[in-house]
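Trainee: Sequence:
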Amino acid sequence: MANRILIVDDAAFMRMMIRDILSKNGYEVVGEAQDGAQAIEKFKELHPDLITMDITMPEMDGITALKEIRKLDTNAKVIMCSAMGQQAMVIDAIQAGAKDFIVKPFQADRVIEAIKKTLG
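The sequence shown begins at 1 in full-length UniProt numbering and counts up by one.
Simulated from the structure, these hints should not be mistaken for laboratory data. All values derive from a computational prediction rather than experimental measurement. One should not assume that every hint holds.
Ranges of calculated distance between the beta carbons of each label pair, as one might list FRET restraints [said to hold, decoys possible]:
hint, residue 1, residue 2, range
1, H47, M84, 25 to 35 Å
2, G85, E45, 26 to 36 Å
3, A88, S23, 11 to 21 Å
4, L46, D20, 18 to 28 Å
5, A88, P58, 14 to 24 Å
6, A2, G85, 32 to 42 Å
7, M16, E41, 27 to 37 Å
Beta carbons are placed, not taken as given, at the ideal position from N, Cα and C, and that holds for glycine.
I would like the entire structure built from these sequences, with the hints used as guidance.
Mentor: Okay, here's the thing in structure tokens:
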């Protein structure tokens, strides 16, 4: 069975890019969210195997959403997505329980490598 992935990013273009990379590599995108609050709701509803989470979003940022999701499920697998120059935020995200991070603009091979490593 294909791994089920939730994509969280406030930019529709970025969600489309990740969706494209994932579906070409045999992953099933079960849902998308555009902010952290939506991500939590979608997580409860869909129970994805993995979440790709943007760090900087309106309403609720990715690190706050990550912490909330980890409260719901300590085994939740989240890969953070960051723009260049967000190292401090990436460190915060890893400390909050993120399994890995990928940098924008996305490189397909790096995205797939992070997902394979995280899903084991």
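Trainee: Indicate whether the distance between the beta carbons of A88 and S23 respects the range 11 to 21 Å.
Mentor: violated (32 Å)
Trainee: Between the beta carbons of A88 and P58, is the distance compatible with 14 to 24 Å?
Mentor: holds (20 Å)
Trainee: With 27 to 37 Å as the target window, see if M16 and E41 comply at their CB atoms.
Mentor: Violated: the Cβ-Cβ distance is about 21 Å, outside 27 to 37 Å.
Trainee: Do the Cβ positions of L46 and D20 conform to the proposed distance bound of 18 to 28 Å?
Mentor: The hint (18 to 28 Å, Cβ to Cβ) holds, given that L46 and D20 are roughly 20 Å apart.
Trainee: When you take the CB atoms of A2 and G85, is the distance between them in 32 to 42 Å?
Mentor: About 34 Å separates the Cβ atoms of A2 and G85, which means 32 to 42 Å holds.
Trainee: With respect to the beta-carbon atoms only, verify the hint that H47 and M84 lie 25 to 35 Å apart.
Mentor: Holds, since H47 and M84 (Cβ atoms, about 32 Å apart) stay within the stated range.
Trainee: Given the hint of 26 to 36 Å, is the C-beta distance from G85 to E45 inside that range or not?
Mentor: holds (33 Å)
Comparing the model with each numbered hint stated earlier shows that hints 3, 7 do not hold.
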